[in-house]
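Engineer: Sequence:
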Amino acid sequence: MIDSLHFATTRRPGNVRHLAFVHGFTQTSRSWAPIITALGDDIDVTCFDAPGHCDSARVRGDVTRSADLVATHLREQARGTVLVGYSMGGRIALDLAVRHQSTLRGLVLISATAGLRTEAERVERQQRDEVLAQRIEAIGVARFVDEWLAQDLFATLTETQSNRDDRRRNTADGLAASLRECGVGSQDPLWDRLPALDLPTLLIVGELDSKFCGLAEQMNTSIGANATTAVLSGAGHTAHLERPIETAA
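Position 231 (the sequence shown) corresponds to 1240 in the working numbering; numbering is contiguous.
One or more of the hints may lead you astray.
Cβ pair distances, simulated, as ranges [to be verified]:
# : residue 1 : residue 2 : range
1 : 1147      : 1084      : 25 to 31 Å
2 : 1085      : 1023      : 16 to 22 Å
3 : 1198      : 1161      : 20 to 26 Å
4 : 1022      : 1197      : 26 to 32 Å
5 : 1143      : 1047      : 36 to 42 Å
6 : 1019      : 1254      : 27 to 33 Å
7 : 1136      : 1019      : 36 to 42 Å
8 : 1163      : 1023      : 36 to 42 Å
9 : 1023      : 1209      : 20 to 26 Å
Read the hints as simulated data drawn from the structure, not as lab findings. By construction, the Cβ of each residue, glycine as well, lies at the ideal position given by its N, Cα and C atoms.
Generate the whole structure from the sequences, applying the supplied hints.
Structural biologist: Right under this line is the structure:
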């Protein structure tokens, strides 16, 4: 089993701040480009390809193993990191934060959840994800990406913001494995661990994404004083791609 993730790092002499990024399902490390551009030159960044994705396509792991692989690299940085995760990447980032808090100095979760609360919900989601995994294997990445982006969840993305060509760099085997192993149905819920999260935590959601606005409110309440929620006006589930300047701010 491959035990390291592909990542891309940008460093500049004199920078003391470091941000690390974990993308969502079907995305890649390059998906963060608009955010990194908006951040400017005084912050070093590391962008990971999550297990099953792009140059980490042959890496396998559930949410916990994915988080451990990210944490292993961040420890080697020997400095505090703010970890940013979107959707699937947010779940990985949150798992890392509750188990490896000393690795981080801050956490940013974009359109993320602490998991499904009941066993029935998780089983139902695993069944749905298995159908999607088989669909990817049957039709290939290019057609699946088109179907994936056609969901109402992504209706507010422009064609340019969707990064369709970049998503097509993934493999069918990798994406199918990600759904089976790293889907929200396969993850143990983290709701009970949120009150112990002793990190500055920023929850970012799009105003038009009512489901995740509600989840962010619940997570904020559970985390308590360490949490802040930012709602981006006019944005949907992919709030960071739709509003990169506001997200970077």
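Engineer: So, against the hints stated earlier in the document, which numbers end up violated here?
Structural biologist: The structure conflicts with hints 1, 4 and 6, although it agrees with all the remaining ones.
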